[in-house]
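In case you want the letters, here they are:
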Amino acid sequence: MRCRLPTLILLLQGALLAMFIVFVVYDEHADAAAQSNTTKPMDNRLYSVFPLFKDIHAMLFVGLGLLLAFMKLYGFSAMAFNFLVGNFGIQWALLVQGFFYHYWDGKIHLGMENVLNAEFASVVVLISAGAVLGKTSPVQLLLMGILEIPLFVVNEWLLTTYLKVVDVSGTIAIHVFACYFGLGVTQILYRPHLKSGHPKEITTSMTDLLSLLGTFFLWIYWPSFNAVLARPGDAQHRAVLNTFIALSSCTMTTFALSSLMNKKGKLNLVHVQNATLAGGVAVGAAADMMITPAGAFGLGCLGAMVCVFGFQYLTPFLSQKLHLQDQCGIHNLHGLPGIVGTVGSIVAILCSSEAIYGSSLYEIFPDRAAEHDIPAITSTVVAETERSPTDQALYQAAGFGVTFAISLVGGYVTGLLLKMPFLGQPPDEFCFDDEPYFKVSESQKVTRYP
Amino acid sequence: MRCRLPTLILLLQGALLAMFIVFVVYDEHADAAAQSNTTKPMDNRLYSVFPLFKDIHAMLFVGLGLLLAFMKLYGFSAMAFNFLVGNFGIQWALLVQGFFYHYWDGKIHLGMENVLNAEFASVVVLISAGAVLGKTSPVQLLLMGILEIPLFVVNEWLLTTYLKVVDVSGTIAIHVFACYFGLGVTQILYRPHLKSGHPKEITTSMTDLLSLLGTFFLWIYWPSFNAVLARPGDAQHRAVLNTFIALSSCTMTTFALSSLMNKKGKLNLVHVQNATLAGGVAVGAAADMMITPAGAFGLGCLGAMVCVFGFQYLTPFLSQKLHLQDQCGIHNLHGLPGIVGTVGSIVAILCSSEAIYGSSLYEIFPDRAAEHDIPAITSTVVAETERSPTDQALYQAAGFGVTFAISLVGGYVTGLLLKMPFLGQPPDEFCFDDEPYFKVSESQKVTRYP
Amino acid sequence: MRCRLPTLILLLQGALLAMFIVFVVYDEHADAAAQSNTTKPMDNRLYSVFPLFKDIHAMLFVGLGLLLAFMKLYGFSAMAFNFLVGNFGIQWALLVQGFFYHYWDGKIHLGMENVLNAEFASVVVLISAGAVLGKTSPVQLLLMGILEIPLFVVNEWLLTTYLKVVDVSGTIAIHVFACYFGLGVTQILYRPHLKSGHPKEITTSMTDLLSLLGTFFLWIYWPSFNAVLARPGDAQHRAVLNTFIALSSCTMTTFALSSLMNKKGKLNLVHVQNATLAGGVAVGAAADMMITPAGAFGLGCLGAMVCVFGFQYLTPFLSQKLHLQDQCGIHNLHGLPGIVGTVGSIVAILCSSEAIYGSSLYEIFPDRAAEHDIPAITSTVVAETERSPTDQALYQAAGFGVTFAISLVGGYVTGLLLKMPFLGQPPDEFCFDDEPYFKVSESQKVTRYP
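Protein chains in written order, with the numbering used here: chain A, 1007 to 1456; chain B, 1007 to 1456; chain C, 1007 to 1456.
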């Protein structure tokens, strides 16, 4: 226990620092020497990335951190390890994605856009970690991040470069991947003695309120998450608008269904904390498409439906039959709405036409450009393939399948590695407990000085 | 109890979805087909609306949600019903305002600007609901929203179209309206047995801290609220600046007066949580005018004064004499500072002149344009009437009077409808209690899986 | 007790209002009459200042407020007095900085940029107040603000105007100044009986969680803090990027070192709450320079190191040997990382050259411009002195020394004044206790109406 965590972190930091020294330089938007007399400061990419980046930042650490802090005895660990693993994930993703996408002349070229993409990679690890919340040591979580980040990047690269899946906010690449990776890990880390719960697995009014507050932060900034990588202009406008509508209809639907599920008509806070966000996942892959406001509304309702039903029926089933102990219900918030979102994108693609999109069609679906003459002024994309809507729809399905397979297998392998004995996995009695990791007591002396 | 809430919500969602399908299309900033080769993406209206929209979003759900969560046993309901009713209000307002302002060719044209205006409508319901916090079921609150939103839109339409009241941040249209509507409702819903308090009407240190945190979020983003609808440029700059100054002076004054009110000089948290925001209401109607920094400072001080005096003397008086049980003191935070704000705007108008405003005068007060030649380049507004400052001042007063009358009568009627027996109004003993609505206990088992 | 606080506040508000009436007018970006037909609204300075201003706003009141609220019995005071003193500091700084920098034609010209700078001044007082948290009355804190703000402005003026220190985010001018001023005050206010702690100096899980949440808000918006005063374009891009990298590496390092410090390898929440932010201070003075991503990474690690070591070894030592009771450990979070940051800026300056910076060199280091021909188009700065890198490095060190001396002496003098008997300093038994200042009890009746 004593030295495992600091040793691992210091080794990682040393290795990362060495890699930074050898490989990382500023990109042309951050490099002073790359500016010329004709560079306009306000054209710097910072100004298109940073306003939305901050929102995603807040989602990761404040929103998700609070959402996870629902357990009475595990609040510090939930928030602090989310902070630790999130930061490691970003640093590691800066290097892995850097070698994939920003490497030339022997250097990784780094700007805020890279950091934004690294946060998207990092969020994948944090979602997956939700499946094993309270049952894994920080050493295990960091190891999970070491393995999951490169696999995520490879899968993302397959989807964007080979399959050319259209998925503006990562419904498939992020949510589906994170979900099935996490489920793979937790299935391997199955704890039979926790089958009927754990005495420390308790919440209080206050922790549940903080968790709900986390939901609000995620909910508020989810439109930014879905829109940040959309094409500027009308596409980004639609991504914000559709996501907002989906979240809003999803929230209403959640209250209705949660109440219906209970014999006395009472609301389940777990539903309110989670299912109200499912619309953001469900609308994600098609968020920038012309799905109509009603389409966004409907996707939001569907997201809430599958999420509430998942918590109510599927999670207990998976837990008992498949040994899937999905602690935070990531399958309900990311997996099932991810499936809805994939199907939604397929339907949206099958319904797409030049009549609806105008010349923008070839910017949102660049691979259909070859079918027609592209007005040179509106498109800088050179089409490499010719795809009909049906083709693109099949590629979407293929993207889902590839992601499902890679993430689940990756999760299993990672789970097996996490079972290695020297990683500090807490014994059953210390699950859901800050005690092994933090100096705490219900009423502790301030330790600022003795 | 069992089925009322889900049935109502599902009916509402079904009706809203049907209306969205039939009537709602993207506006020209969100519609792909409306873009031409010459459209510049960065001119999309998203970029002027979204940065401030996010702040108002955070005010509604995080700020107001936390502010209302001050009761020990009613935290979930306060935050969750604020979330539920807020979302319903936005969806409903998108349609109602859509038919009023964005309807042509048989369609409502929807963009983020509509959502922004719908949030302003929704906040009206949430403010009114503060008067009956803890004493109404979610079914009642939704019904209140169904009725209040159209009335708000009609009143707003009267003020802007007929009376041409100048009220950049809705001091009259939003705060005064919401206040007297809520007071009307609560007067009808009077509960004689709660005259001397209720045993469940208790706070804890932690809930009071969270409520204060909600105050901070409201305080931080209030300048965005007051400025978002101001004309870009110097008017928006003044709206931010004046609001900030008013909030700051209001905060200082609150601490002084709250301490003065107490025999031992102790501060009352209720004052700190509420009166520190009164400056934002008081400066609102004139926020974009040339009221001078000192004027904003003074309005902030006045806002704090009336708010603290209201909590200390007027609320108890109204409660005992007029059967006005104003649970959150919305009269002190929205009504009285709203009156200050109306008077402030009248004074500011009486002092306005071309010497002070330059040619901007006719942009802030478009109805005075006819008196002079308008430099064509700076104004796209065609004046329909000729108004002297005194005329405009009288119209401001008329606008207040109309709003007061419509909202109060509307509140009475709504209150009577809310007394209908099948709406699940909680009996006295279940006021201020999450128990009827949520599955909770002080130390509950996590229910994520059995 | 009874009347001291309200009397002081009302006197201050009266004086400030009088000064506002006599001296303060809108600047050319907020003044309607200053706009001409050719003024483009979107060129208004509001749009470059406000997006980052909001973040700093959130840091001051939400982030710092929560961070300070870690004590079970002193949460209201910590958050509310931070709010009170912060607001007074801003108003007071608007006047003091106004007379220094924005005064001509007998008027202070006020715009949002002034408010931004006033927030920077105000944060200095709030940092210093951390050293005496729980041991000073609000009257004492306000008096401290009255004295510290002008001294800060004078020191800042010396640094920027005479010494021409390069310090984009105020590592020296803000953090070092605030730290040693606060340490001076607390040394004078030494309380011998609190040498071995205080029975009320306790935290709870919930207050510690809220404090950690405050850390997250500070962490998230720190890049905005460091970048807001940087030159737009690549320099601002670097300031954001370097700060982010430093904070991220600093966070990882903190977890490692905190665990290493404990015999059982457990994490100390105080470290996680504080040292994870030290990277933002350490990278600050050089944040916009070409320090390379690896340099930012290293500065972050160093910041965490000195901060954790400071909490572990230096604070107890200073407390026992020098009678320095540094309640929040501001020496560890602002002083020591401030030294690292000063040294970092010196090294970065010694390594700077035209080869690395291109022509931007003379914008970041305007005083080196005279050595070369300046391309007229890129620089509007007229160089007054000729400085080699070594010269500039020596000026950086001189700036640190001047700041250290002025702030420490200022702190001593202020401490002596704060010892005056009629300022309501709480006796030892009422330290760390809301009781003297707020009407509270663990389960209090709501006092909204009787």
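Worth flagging that the hints you see were computed from the coordinates, not collected in a lab. This structure is a prediction, so every number in the text was calculated from the model and none was measured. Don't be surprised by glycine CBs; every beta carbon is placed ideally from N, CA and C. Treat the hints loosely; a few may be bogus.
When the alpha-carbon atoms are kept at most 27 Å apart in a straight line, the in silico DSSO-like pairs for lysine-lysine are as follows [as the list claims (entries may be wrong)]: (1) Lys1046(B) <-> Lys1269(A); (2) Lys1046(A) <-> Lys1046(C); (3) Lys1046(B) <-> Lys1046(A).
Each pair of labels, with its calculated beta carbon distance range [unchecked claim]: (4) Lys1113(B) <-> Asp1397(A): 31 to 39 Å; (5) Glu1435(A) <-> Phe1436(C): 37 to 45 Å; (6) Leu1017(B) <-> Ala1040(C): 52 to 60 Å; (7) Leu1328(B) <-> Gly1020(C): 33 to 41 Å; (8) Thr1044(B) <-> Glu1392(C): 31 to 39 Å; (9) Asp1397(A) <-> Arg1051(C): 45 to 53 Å.
Cross-check of the supplied hints:
no. : hint                                  : verdict
1   : Lys1046(B) <-> Lys1269(A)             : violated, 55 Å
2   : Lys1046(A) <-> Lys1046(C)             : holds, 17 Å
3   : Lys1046(B) <-> Lys1046(A)             : holds, 18 Å
4   : Lys1113(B) <-> Asp1397(A): 31 to 39 Å : holds, 32 Å
5   : Glu1435(A) <-> Phe1436(C): 37 to 45 Å : holds, 42 Å
6   : Leu1017(B) <-> Ala1040(C): 52 to 60 Å : holds, 55 Å
7   : Leu1328(B) <-> Gly1020(C): 33 to 41 Å : holds, 35 Å
8   : Thr1044(B) <-> Glu1392(C): 31 to 39 Å : violated, 51 Å
9   : Asp1397(A) <-> Arg1051(C): 45 to 53 Å : holds, 51 Å
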